[in-house]
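Number of protein chains: 2
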Amino acid sequence: MSVIKAALLGFGTVGEGVYTAIHSHQQQLNELLGVRVEIVAVLIRDKNKKRDIESNILVTTDFEEILNIRDLDVVFEAIVGEEPGYTYLKQAIDKGIHVITANKVMFAKYGQELIHKAKQRNVKLAFEATTAGGVPIIRTIQRLLQVNRITKVQGILNGTSNFILTKMRENKLSFEAALHLAQQKGYAEADPTNDISGKDAFCKLMILSQLVFGEQPCWSEVKIEGITSISQQQIEEKEHQGQRYKHIAEIYKEGKLIKASVKPIIVDSNHPLYWIEGVENAIALEASLVGNITLQGPGAGKMPTASAMIEDFAEIVQHQQLQEKIPALQM
Amino acid sequence: MSVIKAALLGFGTVGEGVYTAIHSHQQQLNELLGVRVEIVAVLIRDKNKKRDIESNILVTTDFEEILNIRDLDVVFEAIVGEEPGYTYLKQAIDKGIHVITANKVMFAKYGQELIHKAKQRNVKLAFEATTAGGVPIIRTIQRLLQVNRITKVQGILNGTSNFILTKMRENKLSFEAALHLAQQKGYAEADPTNDISGKDAFCKLMILSQLVFGEQPCWSEVKIEGITSISQQQIEEKEHQGQRYKHIAEIYKEGKLIKASVKPIIVDSNHPLYWIEGVENAIALEASLVGNITLQGPGAGKMPTASAMIEDFAEIVQHQQLQEKIPALQM
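Residue numbers (our numbering), protein chains in the order written: chain A, 1 to 331; chain B, 332 to 662.
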């Protein structure tokens, strides 16, 4: 059985999730792809931290060492922030290594350039995990709605914000108390700025815009408003009218112009995102043939995000096999 | 530009939808696939009925005439019932013609045999439109969740039943009045038996079972209960307790045994299908890595069902092109 060699860049929550998933689903991968998947290296930042990684795997802080691995097929990138992720992925692509990324901040900014580079180099670049965690929105748009013209996307793309708004309504909590609860439950970082300011949702929206419309709006012209200005009292008032505040990232086209915004929107029960509660993410699409469809699921978390990366991985391997005329892809 | 020749089997609501969609999305198809799609023939039942079909297209009641078309690439089957759909598709596959079907009754029974036949003959057989209309549940399972082990599927798979239950609750209608409203709106047939008895949902559930578990349970052992036994009073009582009746088709495995049922289930607001209202369909999946995801959208209707068939079509053409090493499939 042939072997696929993979390296993990980053061993935080998501990187560890990929590590676990590849081990727990090795049989599934064998049967599906007819290959054995081997994690040969893990890139880490802190050499002193104790990690549960098998001893035959290269654990290094030096990306060069990973680039120099012979016949490395694919890297799973789960680093946070623009750098060093961007530089590493450029280098990997240059070396002909397939790339699977979960790094939304980096990808919102450099995605298009990396996609272009990957095409030139004939390697695959997959990014399902950058947007809405385990909800397979990227590949639904890429693969399942290719003929449909998508005219509008609305999403709850930040689980932390949605959790806070849900708890403010359900439990009549103040913003601060709801945020504290989110932190206690591990849904919000110690510094929750990116989540509650709308910046996190904005990155994901830009990735969706690139995918759906082939371009992004000018970033400085996109209204980004977080959830901090909403009071519990406002939420309660709206609830009495059968309405809810939802923090919605939205894109659509007006003529040739992409209109994008990230902000709280008051919706009633006819709206597909009214019902999305807690840390869930959901995306409602408007498309020319199918009409409206909504996808809902876990927007973050160790295994859902790992799931997105592993499924990307399976597709890449299948695509390679088909190109090499190995008859492993069957309908 | 090369031409793909297609025939439509059936020109009812769905067949006409495919016809319309291919015309309205010809440019999209050109750009995506680099081909021109030509409907060369339409199989009809009643020669005397007036139809809006271009005069250069063969319109016939004789399937032999369609089989004899030179270089026919694909048939879209939108006939109702086991026969003659089954026989036609067998013959088409034997002739090396790709098949896209929307025929759930036929496919629930003969799907596995046809899939097997298609593999042997190296043609593609696609059936997204058989289950949940425009909701891309089949290809989500086939393509996007290949590594995940799906452990449970719950679906609202019949829009008519869901519409009736919704209206009985929302508008405090009797079953009969809600059914009458569904008929007035064109959501229910003159004879609604298959919808309200659960038989329609059962067919779709069997298709999902085959897809997810590779087999179907013994049909006679599946409990199938429709919605006719539920009274408006029962619905109202449950509503006061924050609960709803939903007509849910469900499969999961208990050891090696597939457990399947189609029946009204009382759910509360924590259940992902509690929120699915009106004619919408939705499917909630439980999977080993991603956890729970839910897909929601139009379960029937002219353009949503046509959408499913056209998207199947695009995938088939792309797959062929990749096999023929035409570099049209890009990530």
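There may be inaccurate statements among the hints.
As the list claims (entries may be wrong) - A short, non-exhaustive set of chain B residues, derived as facing chain A with CB atoms under 7 Å: (1) 477; (2) 638; (3) 653; (4) 655.
Don't read these hints as lab results, they were simulated from the structure.
We put the beta carbon where it would ideally sit given N, CA and C, even for glycine.
Check: Does residue 655/B meet its interface restraint, that is, does its C-beta lie within less than 7 Å of any C-beta in chain A?
Finding: 11 Å, violated
Margin query: Take the shortest C-beta to C-beta distance between residue 638/B and chain A; is it under 7 Å?
Written below: 4 Å, holds
Margin query: Min Cβ distance, residue 653/B to chain A: is it shorter than 7 Å?
Written below: Status holds, d = 6 Å.
Check: Measuring from the C-beta of residue 477/B to each C-beta in chain A, is the shortest one below 7 Å?
Finding: It holds, given that the least Cβ distance between residue 477/B and chain A is near 5 Å, below 7 Å.
Violation of the numbered hints given earlier is confined to hint 4; every other hint is satisfied by the structure.
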